[in-house]
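Asks: Sequences listed follow chains F and L, in order.
Start counting the first sequence at 1; every next residue gets the next number (the numbering used here).
Start counting the second sequence at 1001; every next residue gets the next number (the numbering used here).
Do not take every clue at face value.
Said to hold, decoys possible - Simulated crosslink set (DSS-like; lysine-lysine; CA at most 27 Å straight-line):
#1 L:Lys1017 / F:Lys174
#2 F:Lys265 / F:Lys277
#3 F:Lys174 / F:Lys277
#4 L:Lys1037 / F:Lys265
#5 F:Lys169 / L:Lys1037
#6 F:Lys60 / F:Lys110
#7 F:Lys274 / L:Lys1091
#8 F:Lys76 / F:Lys65
#9 F:Lys110 / F:Lys79
#10 F:Lys169 / F:Lys60
#11 F:Lys189 / F:Lys169
#12 L:Lys1017 / L:Lys1037
#13 L:Lys1037 / F:Lys277
#14 F:Lys76 / L:Lys1037
#15 L:Lys1017 / L:Lys1091
Keep in mind the hints are simulated off the structure, nothing from the lab.
The structure presented is a predicted model; accordingly, all values stated were derived computationally and were not measured.
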Amino acid sequence: HTHISSEASAATMSLDEARSAWAEHESSTRNLALILTEHLRLILHPTQATKMRGDFRTGKRLNIKRIIPYIASSYKRDKIWMRRSIPSKRSYQIMLAIDDSKSMDESDSKSLAFETLALVAKSMSMLEVGEICVLGFGEEVKLAHDFSTPFTSEAGAEVFQSFTFAQSKTNVRKMLAESIELFRAARLKATGSSSELWQLQLIISDGVCEDHPSIRQLVRQAFEERIMVVFVIVDALSRKASTPTQSAAVPNQSILDLQTAEFAKDADGEMQLKMVKYLDTFPFQYYLIVRDVQELPGVLAGALRQWFAEVVESGGD
Amino acid sequence: MSGVNGSAQVKIQLQTKNPELQLPQEIGPILVRTGLKRLELSRLVNNLLEATQPVPLQFLINGQFLRTTIDDFLTQNGISAETTLTVEYVKALIPPQTIASY
Ligand SMILES: [Mg+2]
Chain F
1 HTHISSEASA ATMSLDEARS AWAEHESSTR NLALILTEHL RLILHPTQAT KMRGDFRTGK
61 RLNIKRIIPY IASSYKRDKI WMRRSIPSKR SYQIMLAIDD SKSMDESDSK SLAFETLALV
121 AKSMSMLEVG EICVLGFGEE VKLAHDFSTP FTSEAGAEVF QSFTFAQSKT NVRKMLAESI
181 ELFRAARLKA TGSSSELWQL QLIISDGVCE DHPSIRQLVR QAFEERIMVV FVIVDALSRK
241 ASTPTQSAAV PNQSILDLQT AEFAKDADGE MQLKMVKYLD TFPFQYYLIV RDVQELPGVL
301 AGALRQWFAE VVESGGD
Chain L
1001 MSGVNGSAQV KIQLQTKNPE LQLPQEIGPI LVRTGLKRLE LSRLVNNLLE ATQPVPLQFL
1061 INGQFLRTTI DDFLTQNGIS AETTLTVEYV KALIPPQTIA SY
C-alpha cells in the first residue's frame, strides 16, 4: 500500500527540520493532549460499564427476578445471585489519515493538521491503549506509519517528513478503500478476540472532496466492518478571514459557506442550475469542524462518546 | 470524468471590475464541475446576480479568455484543480449570437 507521490520529493523537510517541527507542535499541544487523554480515558476504558449480572449460586446481590421461581421450585433453582461482571480488556487501532493535497497548503490548513496529528498521537500514546497508524492521501495513498511500529517522537518527526501538501488531487474514495484493507489486515494480526478490538479512523482534511455518493458507500462499508470514521474538517480559512486586520470585503472562506453549483437536466431536458450548500451532501456521518486546535479535545471526545454509546447499545459490547 | 456531470470539480472565486455586475458580498468560493464552459458560468453569474434580463458574459482566468471547458483550460495551462481559481467576468463584447436584422 505504499505509494510514492510523483511530487513527494518536491518539498520534503530534512529530518532535522522535521524533528524540530514535531518538537514544536508536540510542546504547543501538550496541555491539550492531557485534556484529550482524560476525556479518552473515560470513554475508552471499559471499567465504567461494569454491571451486576448473571445467575450464580453465590454472589454479591440477590437477583429479585429469581426469588419466586426459587421458592416455587422448592429451593432447587438456586442460582439467585448476581456478581459484578469483569470488564473485558479492549484494544484499539487508531488510524490518522491526513490530507496531503495542495488545497491544504493553499488554505493554510497544514499547521492545523500537524497540530491535530501531534495532539492525537500524543494522547493515544499516553493512554497506552493501542496501535497508531498514519496515512497521507491525495492523488495517492502513502503509509507514513504502520500499526505495528510504536509511535515515538522520532516516529512523529518521520511522519511529518513524509508530508508535502503538494499532491494534485484529493482522492478520498481511494483513501477509504485502502484504509478498509489496512484495517482488515490489522484486525487479522491483532492478538486476542477480534470482537474486543475497536478500530477508529480520524480523517484530517480541509473537507473538499469529490464523488460523494461512492464515498458514502465506503463509509457505510466501514461502519459494517465496525470501523468508526470521524472526519475532522480543519477550517483554517475561516480563522484567517476573521482576523481584524482584514477588511470586510474578504468573502466568506469557511466550508460552512461553500456552495456547489449543480447543473442538471429537468423533466423537459433543459439544463437547470441549482445551488447546494457543500456540507449538505457531505458523505460522512460523523464530522467535526475545527477552526482552532484548542477546540479539538472537546469536540473529538463528544463524537467518540456518541459513537461508543451507539455501538454499546447495538450490542457490540 | 470531466463532463458537465463528471465528478472533477474546482473551487472558483468570481470577480468583476464592473460596478454594475458586483456579486453580493457574502458569496465566497463556489465549487463547480470542471466540465463547465462559458455559457454555464454565464448562467451561474446571472443566477447569482438575480438578473431579470440576463447579461451575456465572458470569463478571464489569469488574463486569458476562457474558450474551452475549465478542465481543458487547466490542462493547457498546467493549473491544478486543488487551487482556488480566480475567475474574472466581463460583459461580452461580441454578442454570443448574431442579432437578427430588422
Ligand atoms: Mg484537496
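Asks: Hints first: check each against the structure and report whether it holds.
Replies: Comparing the hints with the structure gives:
1. Taking the CA atoms of Lys1017 of chain L and Lys174 of chain F, the gap is about 41 Å. The hint is violated against a cut of 27 Å.
2. Among the hinted pairs, Lys265 of chain F with Lys277 of chain F is consistent with the structure: their alpha-carbon atoms are about 19 Å apart, no more than 27 Å.
3. A hinted pair counts as satisfied when its Cα atoms are at most 27 Å apart, and Lys174 of chain F with Lys277 of chain F qualifies at roughly 24 Å.
4. As the CA atoms of Lys1037 of chain L and Lys265 of chain F are separated by approximately 16 Å, the hinted pair is consistent with the 27 Å bound.
5. For the proposed pair Lys169 of chain F and Lys1037 of chain L, the alpha carbon gap of about 21 Å is at most 27 Å, so the pair holds.
6. Taking the CA atoms of Lys60 of chain F and Lys110 of chain F, the gap is about 55 Å. The hint is violated against a cut of 27 Å.
7. For the hint pairing Lys274 of chain F with Lys1091 of chain L, the CA-to-CA distance comes to about 23 Å; that is within 27 Å, so the pair holds.
8. Distance restraint check for Lys76 of chain F and Lys65 of chain F: the Cα-Cα separation of roughly 15 Å lies within the 27 Å cut-off, and the hinted pair is therefore satisfied.
9. A threshold of 27 Å between alpha carbons decides the hint, and for Lys110 of chain F with Lys79 of chain F the separation of about 61 Å lies outside it, so the pair is violated.
10. Of the supplied pair hints, the one linking Lys169 of chain F and Lys60 of chain F is violated, its CA atoms being roughly 61 Å apart against a limit of 27 Å.
11. Straight-line distance between C-alpha atoms of Lys189 of chain F and Lys169 of chain F comes to about 32 Å, which puts the hinted pair past the 27 Å bound.
12. About 21 Å separates the Cα atoms of Lys1017 of chain L and Lys1037 of chain L, which keeps this hinted pair within 27 Å; it holds.
13. Between Lys1037 of chain L and Lys277 of chain F the alpha-carbon distance is near 22 Å, which keeps this suggested pair within the 27 Å criterion.
14. Of the supplied pair hints, the one linking Lys76 of chain F and Lys1037 of chain L is violated, its CA atoms being roughly 84 Å apart against a limit of 27 Å.
15. Taking the CA atoms of Lys1017 of chain L and Lys1091 of chain L, the gap is near 10 Å; set against the 27 Å cutoff, the hint holds.
When each numbered hint is compared with the structure, violations occur for hints 1, 6, 9, 10, 11, 14.
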